[in-house]
Amino acid sequence: MKHIISVLVENKFGTLNRVANMFSARGFNLASISIGETEDPEFSRMTIVTNGDDHIISQVVKQLNRLVDTIKVTDLTRQPHVERELLLMTMKLSKTQQHEIFELINVFKGKVVDIKQKSITIEVIGSPDKINTTIDIFKPYGIKELARSGAVAIHRGE
Amino acid sequence: MPSSSQTLNGSEIFFECLRRENVEYIFGYPGGSLLKVYETLYDVKDIQHILVRHEQGATHMAEGYARATGKPGIVLVTSGPGATNTVTGIANAYMDSSPMVVFTGQVPSTLIGNDAFQEADIVGITRSITKHNFLVKDVKELAITIRKAFFLATNGRPGPVLIDMPKDVLNASCDFHWPDTVEIRGFKPTVKCHINQVEKAAYKIAKAKRPLLYVGGGVISSNASEELRAFAIKQNIPVTMTLQGLGAFPGNHPLSMGMLGMHGTYWSNQAVNNCDVLIAVGARFDDRVTGKIETFAPQAYKIHNDIDPTNVDKNIKVELPIVGDAKHFLAALLEAMPKKVENLEPWLSEIQTWREKCPLTYTNEEGKLKTEFVIDEVSKQTAGNAVVVTDVGQHQMWTSQYYTFTNPRSIITSGGLGTMGFGLPAAIGAAFGVKDRPVVLFCGDGGFMMNIQELVTAVHYKIPIKIFLINNSFLGMVRQWQELFHKEKYSFTDLGDSNPDFVKVAEAFGCKALIAENTDTAQQAIKKALAYNEGPVLVDFRVEKKDMVFPMVPAGGSISDMLLARLNPKTMV
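Same order as they appear, the protein sequences are chains A and B. Mind the numbering: the first sequence is residues 1 to 158 in the working numbering, read in order. Mind the numbering: the second sequence is residues 1 to 573 in the working numbering, read in order.
Treat the hints as calculated values from the structure; they're not laboratory data. Treat the hints with caution; some may be incorrect.
[As the list claims (entries may be wrong)] Here are some, though not all, of the chain A residues that point toward chain B, as calculated from beta-carbon distances under 8 Å:
{"no.": "1", "residue": "E10"}
{"no.": "2", "residue": "L16"}
{"no.": "3", "residue": "N21"}
{"no.": "4", "residue": "I35"}
{"no.": "5", "residue": "G36"}
{"no.": "6", "residue": "N51"}
{"no.": "7", "residue": "S58"}
{"no.": "8", "residue": "K62"}
{"no.": "9", "residue": "Q63"}
{"no.": "10", "residue": "R66"}
{"no.": "11", "residue": "V68"}
{"no.": "12", "residue": "D69"}
{"no.": "13", "residue": "T70"}
{"no.": "14", "residue": "T74"}
{"no.": "15", "residue": "K92"}
{"no.": "16", "residue": "S149"}
[Claimed, not checked] Straight-line distance between alpha carbons at most 25 Å, and here's what the computed DMTMM-like set of lysine to aspartate or glutamate pairs gives:
{"no.": "17", "chain 1": "A", "residue 1": "K95", "chain 2": "A", "residue 2": "D114"}
{"no.": "18", "chain 1": "B", "residue 1": "K137", "chain 2": "A", "residue 2": "E37"}
{"no.": "19", "chain 1": "A", "residue 1": "K12", "chain 2": "B", "residue 2": "E119"}
{"no.": "20", "chain 1": "B", "residue 1": "K137", "chain 2": "B", "residue 2": "E319"}
{"no.": "21", "chain 1": "B", "residue 1": "K209", "chain 2": "B", "residue 2": "E199"}
{"no.": "22", "chain 1": "B", "residue 1": "K317", "chain 2": "A", "residue 2": "D114"}
{"no.": "23", "chain 1": "A", "residue 1": "K62", "chain 2": "B", "residue 2": "E319"}
Bear in mind that the values here come from a model prediction, so they are computed numbers and not experimental data. In this text, a Cβ means the ideal position worked out from N, Cα and C, and glycines have one as well.
Turn these sequences into a full structure, and let the hints steer you where they fit.
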């Protein structure tokens, strides 16, 4: 089962490496990892997407907690949370399909961030599922390059 | 000691910090990045620096010292190869949870990342084998980093911590300030057990008909032997120990079951197989203990106390996890059970039956020398009072079987990592820490060669260790597996043609050496060696080449697959 885990860590050199290294050393799955500074520059928040049964996930959480640079680990999977991913994608642009592409961008609430004679770059924000669907739908139009941020997630407020 | 307002350079700060951490010994080797430290060291009188002959030796010595005393072992090595040579020793200490602080020199900060001379990314390399590690980038951070490193190494589950110190940091100066307290936000080990959990455990144990204590190195490192003894004896519950747990409970007490697991006693493994409540304390259900997970203690309600939450439910799913220090757990459990568990006699007599059915025995043959005899004899002659260090292999397992450990901190052995070459330096380190008991090393001829350079260290510092070389001219344990499971293809395990004359080698190093080829000469040699205290002494025991360690549960097997002897290798029990 897919789990989304939020980890508050010390904003220090090597912390990302410690976490990623722990996943590979212990043979845990690491689907995505994203990290950024929080409102307090002493801390960073990591969002980790991983897969595993309850036994493995409980070990993942414990091993994350065991790292000295880890402040707090929260498995958001079964708690109310918001999860978002950013997709940047460059596609071929042809006169014949231009119209359809723009319609689809609207459907996915995407934005055009760059446009050239023969290509268009768009951004789409949504849950990883929505991002997967977006990629599937746009594939037939000719994707030249894409980049995904990996999921970021946060608790829903009270 | 300098007041906190004094300006010191990095290497002076380094020694000031070690003084405040009450360091007695540094096991080290100089080099380019550490020249400033060794310049300062020249005038340091209150901390003794032990010059090793290879950095791996320094790490094992530090671990031997740490395991014998409970204090952290200190290693000081230079950058690059000096640092990478410590990797095996650090990994060993990590696997066996030994407190250690390793200081590595590093190239100047400005050169880091430039493939400078003697540069290695030791912080990156050791990330997965240290409890934590640090690169100090500013001399102002040095004191607090050292304070944190000692705190991390010795609190919670002990382990190795590494501090990488660039050359310019050691040369730079700042006001010295030693922090009174240390606070690490992400490190808050649970020491006290949850009392409700302890009461639940007490309730289950009180109702048990066939309870069994399974204790490991955690009992030793938390100094909980007294509490264990009090609890087990009061409740009349038998105690089986892991390799690292030997000595936690006196081996000569009727409730002692000896070791369990792959080469554990028959009765221990039968007891695990049949117990109804298993109380695991400071042990981690290692694969050498459990064999096949599905058939391990199948009838038991399992209680697991460990200070490291990651150990709980890692290998074996337990019914009652209790995170906390073993000493606290056992004391709380003793208190929670004012009444004795009733009617355990049938269980104890069942264990006695197993004990009589397959005892640990060996038969001396005329003109031949068996390792079991040597270890048994050393056990008798030292009255179980020695600090026993081993290397890795057959002799290590025989030591667990035939040496009667009566005190904690009496066996120092590489359990988790299984590092050949550990024994000799670890024995030297142990001897620096313990002066009032003999330090005895059992070492195979294979492992002895792996850190033989440290014999010079032992000779130079006149360390009176007794090196009992169990010389069968084979990599015996590998040979045993080749015979049992690999079609008797003795691939590269026969050292007979290539081993040196160990007596001559020892003498060339300046070490007293004896030879023993039969039981009589062995007995006398042991006596002589134990009486000799001017420096190290080596006895070359020419033991049987092809003996095997039994009983044995094949890797991944169940207790029912236990092999009891060579002649009937498929005896199902």
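We went through each hint and held it up to the structure:
1. E10: holds (7 Å)
2. L16: violated (11 Å)
3. N21: holds (5 Å)
4. I35: Since the shortest Cβ distance to chain B is 16 Å, the answer is violated.
5. G36: With a closest approach of 18 Å, the G36 of chain A hint is violated.
6. N51: At 19 Å from the nearest chain B Cβ, N51 of chain A fails the 8 Å test, so the hint is violated.
7. S58: holds (7 Å)
8. K62: Nearest chain B Cβ about 4 Å off; hint holds.
9. Q63: Holds - the Cβ of Q63 of chain A comes within 8 Å of chain B, reaching about 6 Å at its closest.
10. R66: This interface hint holds because 5 Å falls under the 8 Å limit.
11. V68: holds (4 Å)
12. D69: holds (6 Å)
13. T70: The hint holds - T70 of chain A has a Cβ within 8 Å of chain B, the shortest such distance being about 5 Å.
14. T74: Hint violated; T74 of chain A Cβ to chain B Cβ min 14 Å, cut 8 Å.
15. K92: violated (40 Å)
16. S149: violated (25 Å)
17. A:K95 <-> A:D114: holds (16 Å)
18. B:K137 <-> A:E37: holds (21 Å)
19. A:K12 <-> B:E119: holds (22 Å)
20. B:K137 <-> B:E319: Judged against 25 Å, a Cα distance of about 47 Å means the pair is violated.
21. B:K209 <-> B:E199: holds (18 Å)
22. B:K317 <-> A:D114: violated (54 Å)
23. A:K62 <-> B:E319: holds (18 Å)
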